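Engineer: These are the residues of each chain, in order.
Number of protein chains: 2
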Amino acid sequence: MNIEINPERNEWSKLIERPAVSNEHIQPLVKEVFAIVRKNGDKALQKYTQLFDHIAIDDFKVSATQIAAAEQMVAEPLKKAIQIAAQNIRAFHSSQENKAEKIETTKGVICWQEARPIERIGIYIPGGTAPLFSTVLMLAIPAKIAGCKEIVLCTPPGKNGSVNPAILYAANLVGVSQVYQVGGVQAIAALSIGTETVPKVYKIFGPGNQFVTAAKQFAQQLGVAIDMPAGPSELLVMADKTADPDFVAADLLSQAEHGADSQVVSVLASEDLVEPVQQALMNQLADLPRAEIAKKALENSRLLVIEDKEERIAFVNQYAPEHLIIAENNAEEVLQRIKNAGSVFLGNYTPESAGDYASGTNHTLPTNGFAKSYSGVNLDAFTKKITVQNITPEGIINLGETIELMAQAESLYAHKNAVTLRLKKLENEN
Amino acid sequence: MNIEINPERNEWSKLIERPAVSNEHIQPLVKEVFAIVRKNGDKALQKYTQLFDHIAIDDFKVSATQIAAAEQMVAEPLKKAIQIAAQNIRAFHSSQENKAEKIETTKGVICWQEARPIERIGIYIPGGTAPLFSTVLMLAIPAKIAGCKEIVLCTPPGKNGSVNPAILYAANLVGVSQVYQVGGVQAIAALSIGTETVPKVYKIFGPGNQFVTAAKQFAQQLGVAIDMPAGPSELLVMADKTADPDFVAADLLSQAEHGADSQVVSVLASEDLVEPVQQALMNQLADLPRAEIAKKALENSRLLVIEDKEERIAFVNQYAPEHLIIAENNAEEVLQRIKNAGSVFLGNYTPESAGDYASGTNHTLPTNGFAKSYSGVNLDAFTKKITVQNITPEGIINLGETIELMAQAESLYAHKNAVTLRLKKLENEN
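So the sequences go chain by chain: H and V. Residues in the first sequence are numbered from 521 upward in steps of one, following our numbering. Residues in the second sequence are numbered from 521 upward in steps of one, following our numbering.
Hints were generated in silico from the structure; no laboratory data involved. One thing to keep in mind: the hints can contain errors.
As the list claims (entries may be wrong) - Simulated crosslink set (DSS-like; lysine-lysine; CA at most 27 Å straight-line): (1) 600(V) to 761(H); (2) 534(H) to 563(V); (3) 622(V) to 859(V); (4) 551(H) to 664(H); (5) 563(V) to 622(H); (6) 859(H) to 619(V); (7) 945(H) to 859(V); (8) 944(H) to 622(V); (9) 944(V) to 627(H); (10) 664(H) to 599(V); (11) 859(V) to 669(H); (12) 664(V) to 619(H).
Claimed, not checked - Only some residues are given here: those of chain V computed to face chain H with a beta carbon under 8 Å: (13) 525; (14) 526; (15) 729; (16) 733; (17) 939.
All values reported here derive from a predicted model rather than from experimental measurement. Just so it is clear, CB atoms sit at the ideal spot from N, CA and C, and this is done for glycine as well.
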């Protein structure tokens, strides 16, 4: 763990650096997989599933029977927990609905926006060591609230050729009926292009490894929207003397266990906190099943002491963390000056894991500094807004000359004429 | 103009096709320009401006004196028109501000979203035949309302080595002080990377030719956000017997004059409308300065008759037009069933040119069917939302077990421990 005490501002750009994640070397493979999926459809999915996942799959669609059967295979307490989380996520994302407000910009000129669901969306749930049923909730619940008509979930087949029951249970609970056992680049290609079995969608959501990330970038170039660019997960903890070193350490470790490439940064208000936080890290690390992964992540992580509060806030804004814990006195006041962050956790009793699972906020968030320009996934991510204008005869009389003058100055005479004709017609009528 | 009467549904996919706009052949050039701009900064901008624009520019920054001088060079009536348009655009985009609503998802668990401006944004205004001062208003006004701190405008140098006065006047009117005379791929590279003169930004907005489009796509791969993917401009007019054929023709021509690749589609409710619309097109075309361009666009355009109202609406939703005029009886009722469109114009007195300039809605809109997944530019495009959660001791007691169970089921024990530690501490305190 790299410790820096009151680093100079000119060192900050080094301290906010994330490891470079170029996937240029993967791009030719991605391009090829897309081309073959376009050409051969399901046959190509079978081929790549055999090649990359080492499993022969005939029918990618998970049957209604399989989905229903999953309910019996999930323990009751976990089902109850998933239900509570789903309820909170639903409550928070439902509160994000906006009413259309009609504005009369000029007498007789009424403008407004109307939200519409994106009709077909795709959700990618990675395979790997942990079955990410929580991500099913985070993506499918707002999609349902938005009113997306078709929700297509792809996830790699498990080693035994079937999908983890908790994933199927979560999907069924929130009303997702289209689940396909296909993962990796071939899944993103199928969602982007469509095959005999997997429908084409307009926007793809969800996390994934560098292959999935490269595939989503390629999909975007084909005109398919994606949720956001991806990078390794991150947490920054701001802590002053009101923080509890045990909690700080626990939160840092909960980020560190995600992967060896996880970014973990603590920004402490005083040198006095360094020793207790490090001690707590050591104590807790010993008991963790994923201690090896966490240790690797900690080796690359940073522990900074920045005594000046203004400077702490300025550093955080430059770093733009995915997750930000503010374990400081007057955390809400600090929040008001945070400009760049994905999701913020206030005070000592708001661990990051609450947001990962059950507080109700979304855990699909911008990493790698993208919080400077991207929101995390929210209800808006599943809708688009149509603008509407309704102009009365009085309105076009009021605004007509303005439009004519501007169109003429941009040398667009047909634009002008569309107004002139209407004004003439109204003149002749009077 | 291709005329189709009640085409079968299985022909629709052909009828909604846009001309393919692959820019793969440009990508190596884009990559090279970015690399050289990264290496040589301003020197590279000078080199490419000489090479592509055939002008030697020493200082790309347009001085405050030049910006102020522009005011004298714009005619008073046009200035007045620009001011009225600016006022309407400001009124409409200001109405899009959302208040943060705090939600208690579980007793003691409070969640909300807070909007923050994207701190640095870039605006690209193309050169070419028409000086697009209207686009300056459409992009800079919502940026100002959102509170973007740095707004950087790039536009190619004019033939005489200076920027069109109407562009400078519009920029100054809305408070943009950073204007740079640099265009094309090199401008997008400068905004993405930063040079000695041009600051790096986090998101780039604005239209452009296929070079600019390819450069924005490349910027996106580097992690710079962009407004949306681009394609040639489009208009679809729905018209029934309540429509005025002269107005329909005028609107179609106002789209057609944009460029030979403009997409113009009319969907008529009756064959009786075909002859009058075609006649009006011929009559009006004769008087247009850009008749040659418009004629070419019309050659590729489509005139469909779809008698059934449900079918007309279904066709429009499949096409997903950038601009949609509903010149039908009960236009608002039709609107309620429109799922995919960029901006909608209701009734006979709402020409597309009103939205292009002055009604108040934005004219930066999704083309090429992207209205299925993208909104046009609005206030949201200049902000991002941070989610926040604040959990009290009571809250973590209420929600703790749910989080522990889910974390454990995903094999993330440090996530679980961050909760367990807090619950223990609270137990010990009581």
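Engineer: Taking the hints in turn, state whether each one holds.
Structural biologist: Here is what the structure says about each hint:
1. 600(V) to 761(H): Violated, because 58 Å separates the two Cα atoms, which is more than 27 Å.
2. 534(H) to 563(V): Judged against 27 Å, a Cα distance of about 26 Å means the pair holds.
3. 622(V) to 859(V): Answer violated: residue 622(V) to residue 859(V) is near 30 Å, above 27 Å.
4. 551(H) to 664(H): violated (32 Å)
5. 563(V) to 622(H): violated (49 Å)
6. 859(H) to 619(V): holds (17 Å)
7. 945(H) to 859(V): violated (32 Å)
8. 944(H) to 622(V): Since the Cα atoms of residue 944(H) and residue 622(V) sit roughly 52 Å apart, the hinted pair is violated (cutoff 27 Å).
9. 944(V) to 627(H): Outside the cut-off at roughly 64 Å; violated.
10. 664(H) to 599(V): violated (48 Å)
11. 859(V) to 669(H): Holds, because 11 Å separates the two Cα atoms, which is no more than 27 Å.
12. 664(V) to 619(H): Holds, at about 23 Å.
13. 525: violated (26 Å)
14. 526: violated (25 Å)
15. 729: violated (17 Å)
16. 733: violated (11 Å)
17. 939: holds (6 Å)
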